[in-house]
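Model the placement of chains B and C on the given structure of chain A, informed by the hints.
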Amino acid sequence: MLTVSDLRVSYGQIEVIHGVSIEVQEGECVALIGANGAGKSSTLKAICGLVTATSGTITFEGQDITNQSGHNIVRAGITMCPEGRQVFPQMTTLQNLRMGAYARRDDEQAIDLEEMMNMFPILRERKHQAAGTLSGGEQEMLAIARALMARPRLCIFDEPSLGLAPKIVAEVGATIKRIKKMGKTILLVEQNSLMALRLADRAYLFEAGEIVLSGTGEELQSHPEVVKAYLGH
Amino acid sequence: MIEILQQIINGMAIGGVYVLIALGLTTVFGILGIAHFAHGSVSMFGGYLTFFFVVTWGLPLIAAIVIALLVGLILGILIELLAYRPVRNANHINAFIVALGLTMMVEGLNLEFFGHEQVVIPTDFSWVFKIGGVTIPELRLYTILAAALLIAAMTIFVEKTKTGQAIRAVAENRDAAILMGVNVNTIPLVVFSISTALGVCAGVMVGALFAIAPGIGEGLVVKGFAVLILGGLGSIPGAVVGGLVDGGPARPGSVPHGGRNRPDGRNDPKGIRRAGPQLCNACGGLRDLGGGGLRVRHVFGQYPECGCALV
Amino acid sequence: MKMKALTAALAMFGTAGFAAEKQLDIGVSDALTGGAAVYGLPQSNAVQMAAEEINAAGGIKVGDDTYMLNVIAYDDKANPTEASNAVRKLIDRDSVKFILGFCCSGATGAVASFIENEDAVMLVGNAAERSITTREIPNLVRTRPPADYTGAAAGTFVAEKGHKKVAVLGALDVGFYASYVDAFEKELNKAGGAIVTRESFGLKDRDMSPQLTKIREMQPDAILVVGYVEPAAFIYRQAVELGIDVPRYGFTSGSEEQFLRVASSEQMEGVWDLRPTELTLLSASDNGIAYHKNYSEKFGIAPSPSSPYAYDQTYALKDAIEAAGTVDDTEAVAAALRALAVPDEVVMQYLPVDKKMFDVNGQAYTSNGAFQWQSGNWVFVQDLPSDAAAYSAFLSTID
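Residue numbers (my numbering), protein chains in the order written: chain A, 5 to 237; chain B, 11 to 321; chain C, 10 to 408.
Calculated directly from the structure, the hints in this document are not laboratory data.
Backbone N, C-alpha and C fix where the C-beta goes; we use that ideal spot for every residue, glycine too.
Among the hints, a few may not be true.
With a straight-line cut-off of 30 Å between C-alpha atoms, the simulated DSS-like cross-links for lysine-lysine are [as the list claims (entries may be wrong)]:
#1 C:Lys174 with B:Lys140
#2 A:Lys131 with B:Lys170
#3 C:Lys213 with B:Lys140
Listed next, with one range per pair, are the computed distances between beta-carbon atoms [claimed, not checked]:
#4 B:Met115 with C:Ser264: 29 to 37 Å
#5 B:Leu110 with A:Arg109: 35 to 43 Å
#6 B:Ile166 with A:Lys131: 15 to 23 Å
#7 B:Lys170 with A:Thr63: 33 to 41 Å
#8 C:Ile310 with B:Phe167: 46 to 54 Å
Extracted from the complex, chain A is given alone in its bound form (with noise of 0.2 Å):
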């Protein structure tokens, strides 16, 4: 479905992601694993257009959209939910809602609003409430919610557990468990390796801009380097 081949990504001068490839099959969880500053969220910010990818080619379902810009990657079916939520803080929850749907022209939307709100309860005692006075655990659901609205066929998340208590840790992981049932593709990244390879159900471990591990979350559970560097044991 989403084909990452040789990608590089440069800011300014300096390269920071020296020739990535990664795949990723249609109801597929994926996540990406590594240290801070390995390159993970520039792959992220790159597949979505927020960033230039230098050289490389990115597809997604047979379509080049290698170097698109964003808005275009949202309509062709990838939506990111973003680090740090980033919620749009003086709009209301319903508003932050709709604005999700933002690239859709079809009539149900209010029907999907009504979906989040029942699979999120919380949003709806929250709807009329401005999203910047909404706790962080309630924000990182509004923000997966706001993203779930525009019906992508690609969900990738960005760091959804940072910042967050243990406990809403928890909740997210059982939230993003919920929506790869749901059928929907994900691409997962976190630092919060243990949780991300519990979900997921193959993962690339990257290490100063490139790939040095890839399999399935259950091996790279047991991957002694894995063991010893991310999951602390």
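Structure of chains B and C alone, referenced to chain A:
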């Protein structure tokens, strides 16, 4: 009581104009972070254009306004594309300089096309409504209603339409808005065309209520920013409240015995003596009434700094 | 320089006893450019025109000699420094002894402060600030009456109309407008009336409704508007819009066209303008009509209403030189000016004091007129009750 009511009514018309200017400025600032100084001059351009259509071509007022609005829309798009877009990713000082340059350009354009004479847009609205002791001139009433209508339309547009929500979203979080599928290249065009159209409406109102002349646009934009700062940058409700406050009770002379006039009704020379450099009343030149300036002026009735000394 | 050499040569012939035609240089210092050029340039043109007329009629006769006038005009931009430099240049370099023009108070005041020490005579035109003629400078005269002289006449007129409570709205931070109102108030008080409020505005103000609303609450019998045409037009219009239906008086000197740009004729109906009669075709004498015609033909534009102040200076100077019988003794010419009857050729309608054009202060007085807006035009209704002698006595008491 009647006096206070009357002062509020007086202030509402010009307050409405300030609100329209401030709305244009606040949306532009919200989306692009640009202090769009040329906004006032562009408004005046719209006013001049309307005057031109009415007086030279003999078009009916409404038709003239509609054409001026369309020209305003196009002008707004051109300004965004040609002036601000090239410096969008550059340091903010570049946009600042462009804004100042643009102000001079549009002012120059106005002077070139329409001359330095003040113009008043002629209207047939000379009826005066009297309710109790309060009078409302027909023209002012229409101005207030039109301003209210435009503010309501703008609010509905921003709050209830997808494009309006996208404008807010870009203002609040540009990257997140891209992730929602918002085309951040077209939003500034929409914003500039809307804000310019609002500015043109304000220009027409100023031109019909008072007059359009070189320099008025700059005064208007200063007022607009004052309103914005009063109401909070980027906030539409803030702009509305700020404009009405600024248009009404805050004006000199509207507060009984405040400002320049002493309670006994005599003119207070100290009241006139505002701090710092200011424009000469006679020629518009810069003068400074601090110390010596005032003294010499009292002897020969003129302002040595600007040297105009009209009779 | 050639001209000057010629003048010197002619002067030598003169001393040799020939009845010869000589040249007399007279200077003009006025605003030829800048914002005040609307007043200064027409004045300079008027002097030029008068000089040519005088030359064509045979020049100025002093004893056996006949002098042809040559005008040297410098631009003082209505700026005090520029005016001082211009006058210094005229006196020191061009050896001019008679300096005319002077439209504007600031520049005029600066020159007036040192002219007493110079071997020259200064003739002031349109500058209206009173203090220019309060110091009795012997070698200075002025053709335009001070603003407060007109203000006093206006006050008497309004008081005679029976108004007791008058509200003033004016450009009161401009000195001569304030002095107009002060003089107005004095006459009004004499008749038992009073100014109930003085509201101010700036030249760029166009919304006077706050001030007018305040005035409306005071329920005056009349309002008085002093200021430049544009703000005044907005005041007249907004007064109607606020339902103020008391008589409106003003001191603005605006043309019909200028007012109609802002207010409709209906909104202007009945407004009074109380000002020096100056040059208006409706009230013009034969001289005035001829002046308007000649000026328009010569310069391709109608003369400004105040430009004859400078035209009249030139004829006053001619008569004074002929009476004094000298072009060199400036004291004698200055004294002759003070003793002069009103020349026949002048355009403005002067009111002589003791049968003289200029009083002991060197001040001339014109009639003041009451003009009223009637169906789209300013109509001259009557002369204002102007008391030149009384004002002259009053002026002598001020330093």
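Quick rundown of the hints versus the structure:
For the proposed pair Lys174 of chain C and Lys140 of chain B, the alpha carbon gap of about 24 Å is at most 30 Å, so the pair holds. Restraint check: the Cα-Cα separation between Lys131 of chain A and Lys170 of chain B comes to about 16 Å, which is no more than 30 Å; the hinted pair holds. Distance restraint check for Lys213 of chain C and Lys140 of chain B: the Cα-Cα separation of roughly 29 Å lies within the 30 Å cut-off, and the hinted pair is therefore satisfied. A hinted range of 29 to 37 Å holds for the C-beta pair Met115 of chain B and Ser264 of chain C, which are about 34 Å apart.
The hinted range of 35 to 43 Å is satisfied by Leu110 of chain B and Arg109 of chain A, whose Cβ atoms lie roughly 42 Å apart. In this structure, Ile166 of chain B and Lys131 of chain A meet the distance hint of 15 to 23 Å, their C-beta atoms being roughly 20 Å apart. For the pair Lys170 of chain B and Thr63 of chain A, the supplied restraint of 33 to 41 Å holds, since their beta-carbon distance comes to about 38 Å. Taken as a hint, the range 46 to 54 Å holds for the pair Ile310 of chain C and Phe167 of chain B, whose Cβ atoms sit roughly 52 Å apart.
Hint violations for this structure: none, all hints satisfied.
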